[in-house]
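2 protein chains.
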Amino acid sequence: LGEFEKIADIYRLARQIPSSRAVRLGIGDDCCLLTVPEGEELALSTDTVVEEIHFRLSYFDHYQVGAKAMLAALSDLAAMAASPVGALATVSIKEEKNIDELARGLIDAGAKYGCPLIGGDLTSSTGPLVVTVTVAGLVKSGSAVLRSTARPGDRIWVTGAPGDAAAVLACLEEEMKSEKRGLTLPDESLKKKFYEPVPRLAEARALIVSGPPTAMIDISDGLAADLGHILESSGAGARLFAESFPLSSFSSQVAIALGFRAEHFFLHGGEDYELLFTVPPGVIEKEVSRLEKETSTTFTLIGEINEDSGKITIMRPDGSIEPITGSGFDHFTH
Amino acid sequence: LGEFEKIADIYRLARQIPSSRAVRLGIGDDCCLLTVPEGEELALSTDTVVEEIHFRLSYFDHYQVGAKAMLAALSDLAAMAASPVGALATVSIKEEKNIDELARGLIDAGAKYGCPLIGGDLTSSTGPLVVTVTVAGLVKSGSAVLRSTARPGDRIWVTGAPGDAAAVLACLEEEMKSEKRGLTLPDESLKKKFYEPVPRLAEARALIVSGPPTAMIDISDGLAADLGHILESSGAGARLFAESFPLSSFSSQVAIALGFRAEHFFLHGGEDYELLFTVPPGVIEKEVSRLEKETSTTFTLIGEINEDSGKITIMRPDGSIEPITGSGFDHFTH
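Chains A and B, in that order, are what the protein sequence lines are. When we follow the working numbering, the leftmost residue of the first sequence carries the number 32, and every step to the right adds one. When we follow the working numbering, the leftmost residue of the second sequence carries the number 32, and every step to the right adds one.
To be clear, the hints were calculated from the coordinates, so they are not data collected in a lab. Be a bit skeptical, because a hint or two may be false.
Same chains, same label: a pair holds when it works inside one copy or across any pair of copies.
[As the list claims (entries may be wrong)] Subject to a maximum C-alpha distance of 30 Å in a straight line, what follows is the list of computed DSSO-like cross-link-like pairs (lysine-lysine):
id, residue 1, residue 2
1, K222, K317
2, K208, K125
3, K37, K143
4, K143, K128
5, K208, K223
6, K342, K128
7, K143, K342
8, K171, K342
9, K342, K37
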């Protein structure tokens with residue numbers, strides 16, 4: 032089979048997924064065409080994953096690579112409170128034999144969140160597998176939640192318990208090096224948080240109904256680094272309260288076993304795709320139990336925005352205060 | 032400088048370009064936001080170029096790679112008769128030192144066609160440079176020209192003189208092998224057709240005013256292969272008239288010097304990004320001189336659509352007829 036036959040196969044796969052209402056023309060032409068209803072805006076985001084940088088094929092099969100690439104891109108729509116309408120994917124790959132599996136991963140993951148594959152490009156490569164997913168979503172005009180609009184006094188909230196994904200990754204990397212250092216290997220439900228993170232689309236939608244956040248971001252680089260992005264865009268600072276951190280026992284155990292503080296993966300682990308958002312005091316507090324029930328996700332108040340521009344400090348249970356740096360994964364200085 | 036500083040540099044560069052009317056929020060947040068005016072639709076397309084497959088850094092500098100990646104993506108908007116509003120670019124690159132140059136190439140090429148950079152992703156890589164550009168464009172609802180709507184009896188037209196880009200590439204590759212076989216090296220204006228192809232946006236816009244094409248595609252894989260895509264989507268066949276082919280003397284000379292027929296690069300050379308389109312007889316004929324004057328591009332009638340499903344035949348000047356196959360560059364069988 033050549034490129035054009037492979038592409039025809041992918042078209043067939045993609046067309047089995049129900050289209051979304053905004054898709055006027057799906058995959059297979061020079062462009063896809065989207066209709067944007069009056070009163071709505073279109074949100075677009077693009078995300079690339081590269082073999083050996085973002086994943087290794089020793090602990091990811093091609094289906095999982097496709098699925099995770101799609102889920103990571105969808106998470107950017109959640110961060111704006113937009114609803115997915117479709118995705119375009121490009122794949123640069125050495126051998127054609129894994130294309131079908133990769134495409135199925137992409138298509139299945141998109142289908143789960145109402146996001147059919149509506150375009151793409153398939154090329155060969157002499158090097159690592161590279162997958163880029165561009166997602167399109169709709170949001171009521173003016174309702175998208177930006178990074179740049181956090182204000183001093185706002186409370187900082189987080190969904191779920193960030194850190195597990197990075198702790199799973201650390202275990203997989205240690206396992207590869209055969210230096211387990213007493214680590215408990217994660218069970219299937221923990222592994223799933225790393226391989227199949229849930230884009231917090233439903234949580235974002237619920238939030239904009241019950242008192243919209245002033246600013247929001249998805250945690251891909253690590254909570255501290257992503258909070259740093261909000262602070263930089265908003266020209267603000269933040270104080271976090273260590274005793275309120277929703278630390279999972281798994282991520283704490285792995286952190287400690289590897290010689291870090293318990294909160295290490297919570298603050299600096301990427302790829303959980305939980306939402307970090309800010310709201311004026313009192314807005315979400317009375318809605319939390321309803322939000323948690325509706326979404327089956329926890330919402331935790333972990334700090335507040337202040338005027339200490341660009342800086343993040345942590346208040347410890349004993350009242351002491353220390354600065355943290357917003358270091359996430361940096362592609363060119365690590 | 033690390034990733035986040037590099038990205039801040041790119042934001043600054045991108046924000047110097049005037050935004051287009053449809054961009055409500057540009058680069059720098061989780062998503063960009065587009066407003067689509069009532070009565071218009073949004074066209075989206077994505078295109079990837081990979082080092083060693085689509086280009087070599089021995090005869091492309093990073094600025095040229097960025098520029099060509101943008102121009103190739105814009106050409107897909109031309110093929111639908113859509114007008115650019117913005118582009119998202121992802122770059123996977125080994126060394127950070129070339130990022131600025133690549134970004135400038137992308138941004139400058141987009142700016143020329145009213146297409147600011149409105150999003151992207153920058154990652155390191157252990158392998159070849161990979162650049163993906165996703166373009167968004169607007170088109171009046173129902174006016175986009177598809178591949179699937181050519182009808183028997185329609186005439187087949189082409190803009191410009193396809194073949195030069197592939198002939199330049201052939202010269203560059205021969206030069207690399209130091210086996211020039213008597214080839215004349217292309218001059219600067221010919222080289223420009225390869226390095227900086229012009230997306231036929233103005234030509235497409237002029238065409239939909241003066242009698243819209245029934246089907247259209249941009250020539251990226253080669254005229255025969257791309258005509259093949261129209262035929263496959265439309266369930267039709269085509270006959271081409273060899274004596275009407277607008278062969279450039281350069282592409283003919285290179286083809287003959289390399290042991291091919293004069294028409295080789297015209298029919299099978301990719302990357303010219305000229306438009307191939309079909310129209311009912313009589314619609315464009317009387318408009319040609321006005322179209323050519325308005326766009327400074329030639330329009331040539333080269334054949335007609337018939338019912339010979341999926342087949343392309345060529346009628347020679349002596350009246351003989353021979354089949355051609357729609358073979359373009361295939362990423363997995365070459």
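Quick rundown of the hints versus the structure:
In this assembly of identical chains, the alpha carbons of K222 and K317 never lie at most 30 Å apart, being 33 Å within a copy and 66 Å across copies at closest. Taking the closest pair of Cα atoms, K208 and K125 come within 30 Å of each other both inside a single copy (26 Å) and across two copies (24 Å). With identical chains, the CA atoms of K37 and K143 are at most 30 Å apart within one copy only, with a shortest distance of 23 Å there and 35 Å across copies. Only within a single protomer do K143 and K128 lie at most 30 Å apart by alpha-carbon distance; the minimum there is 25 Å, versus 40 Å between protomers.
For a Cα distance limit of 30 Å, the shortest separation of K208 from K223 inside one copy, 22 Å, qualifies, whereas the shortest one across copies, 50 Å, does not. Taking the shortest alpha-carbon separations for K342 and K128, only the inter-copy value of 29 Å comes in at or below 30 Å, while the best intra-copy value is 49 Å. Taking identical chains as interchangeable, the C-alpha atoms of K143 and K342 are never at most 30 Å apart, the minima being 38 Å within one chain and 40 Å between chains. In this assembly of identical chains, the alpha carbons of K171 and K342 never lie at most 30 Å apart, being 33 Å within a copy and 47 Å across copies at closest.
Proximity of K342 and K37 under a CA criterion of 30 Å is satisfied inter-copy only: 20 Å between copies versus 50 Å inside one chain copy.
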